[in-house]
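J.: Sequence:
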Amino acid sequence: MTNLQNCLDTFSIYVGTYKKYNEGSLFGNWLSLSDYSDYDELLEAMKELHNDEDDPEFMFQDYECPSFIQSLGLISESHISNTIYDIMGQIEDSSYDLEVIESFINCFGISDLNEVIDRINDCYVGEYSDDETFVQLLLEETGDVPQNLPSYICIDWESTARNVMYDYCTSNNNYFRNI
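Residue numbers (numbering that gives the first Met the number 0): 0 to 178.
Errors might be hidden in some of the hints.
[Said to hold, decoys possible] Pairs of lysine to any residue, SDA-like flavour, derived with a Cα cap of 20 Å:
{"id": "1", "residue 1": "Lys19", "residue 2": "Pro65"}
{"id": "2", "residue 1": "Lys46", "residue 2": "Tyr17"}
{"id": "3", "residue 1": "Lys19", "residue 2": "Asp34"}
{"id": "4", "residue 1": "Lys18", "residue 2": "Trp29"}
{"id": "5", "residue 1": "Lys19", "residue 2": "Ser70"}
{"id": "6", "residue 1": "Lys18", "residue 2": "Ala44"}
{"id": "7", "residue 1": "Lys18", "residue 2": "Glu43"}
{"id": "8", "residue 1": "Lys19", "residue 2": "Leu42"}
{"id": "9", "residue 1": "Lys19", "residue 2": "Glu91"}
[To be verified] Quick list of simulated restraints, FRET-style, between CB atoms:
{"id": "10", "residue 1": "Gln60", "residue 2": "Gly142", "range": "50 to 58 Å"}
{"id": "11", "residue 1": "Asn172", "residue 2": "Glu76", "range": "29 to 37 Å"}
{"id": "12", "residue 1": "Gln146", "residue 2": "Gly108", "range": "52 to 60 Å"}
{"id": "13", "residue 1": "Asp143", "residue 2": "Asn28", "range": "51 to 59 Å"}
{"id": "14", "residue 1": "Glu43", "residue 2": "Asn113", "range": "38 to 46 Å"}
{"id": "15", "residue 1": "Tyr20", "residue 2": "Asp129", "range": "43 to 51 Å"}
{"id": "16", "residue 1": "Leu25", "residue 2": "Asn105", "range": "30 to 38 Å"}
Hint data in this document are derived by calculation from the structure and do not stem from the laboratory.
Glycine included, C-beta positions come from ideal geometry on N, C-alpha and C.
Kindly produce the complete structure, drawing on both the sequences and the hints.
T.: Following this line, the structure appears as structure tokens:
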């Protein structure tokens, strides 16, 4: 399980303002979300950074975060969701690493985090080095490979994996059952 601090350690934003940008200045600063306990504290830090403007219109000129954060629409040039800390908290509370959640989103393209976490529980099979290893272990565990298979019969695991993988999806060596 990934803890919230680790999730947020991978997330930083470069915060400027549209006013400064339009005046030809790229002034801003990198802020790491792990330095703040919630969105309100982050917002205060952004306002303090640009306290020379009465009502700064923040511009997120660059950001480093897991790709699924962007695919969920939680950050863009002009927006960072005020639910970002809640969402990262949901990830922390799930029993899955950030990488597994990101792999699931890559496989299925689901953008609702609650649905993602619910469906991962039903779909996640595990992490394997390749399709052949995954399929061989899967079929041995389910008993689909006879225990007393004669030694002169060889299973073409590459072909078997190709056929079985129609029912599974993989991303970053994480395997999910298609449901």
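J.: Confirm or reject each hint.
T.: Verification of the hints:
1. Straight-line distance between C-alpha atoms of Lys19 and Pro65 comes to about 28 Å, which puts the hinted pair past the 20 Å bound.
2. Restraint check: the Cα-Cα separation between Lys46 and Tyr17 comes to about 13 Å, which is no more than 20 Å; the hinted pair holds.
3. A distance of roughly 25 Å separates the Cα atoms of Lys19 and Asp34; the hinted pair therefore is violated under the 20 Å criterion.
4. Between Lys18 and Trp29, the direct Cα distance comes to roughly 18 Å. Compliance with the 20 Å bound is thereby established for this hinted pair.
5. Between Lys19 and Ser70, the direct Cα distance comes to roughly 28 Å. Violation of the 20 Å bound is thereby established for this hinted pair.
6. For the hint pairing Lys18 with Ala44, the CA-to-CA distance comes to about 18 Å; that is within 20 Å, so the pair holds.
7. Note on Lys18 and Glu43: the hinted pairing holds, with a Cα-Cα distance of about 18 Å set against a maximum of 20 Å.
8. Our distance criterion of 20 Å between C-alpha atoms is met by Lys19 and Leu42, whose separation comes to about 18 Å.
9. For the hint linking Lys19 to Glu91, the alpha-carbon distance of about 36 Å lies beyond 20 Å, and the restraint is violated.
10. The hinted window of 50 to 58 Å between Gln60 and Gly142 holds, with their beta carbons roughly 56 Å apart.
11. At roughly 32 Å, the beta-carbon separation of Asn172 and Glu76 lies within the given 29 to 37 Å, and the hint holds.
12. Hint check: Gln146 to Gly108, Cβ distance near 40 Å, so the stated range 52 to 60 Å is violated.
13. For Asp143 paired with Asn28, a C-beta distance near 57 Å keeps the hint of 51 to 59 Å intact.
14. Remark: the range hint 38 to 46 Å for Glu43 to Asn113 is contradicted by a beta-carbon distance near 28 Å.
15. At roughly 47 Å, the beta carbons of Tyr20 and Asp129 sit within the given window of 43 to 51 Å.
16. Our hint of 30 to 38 Å for Leu25 and Asn105 holds, since their Cβ atoms are close to 32 Å apart.
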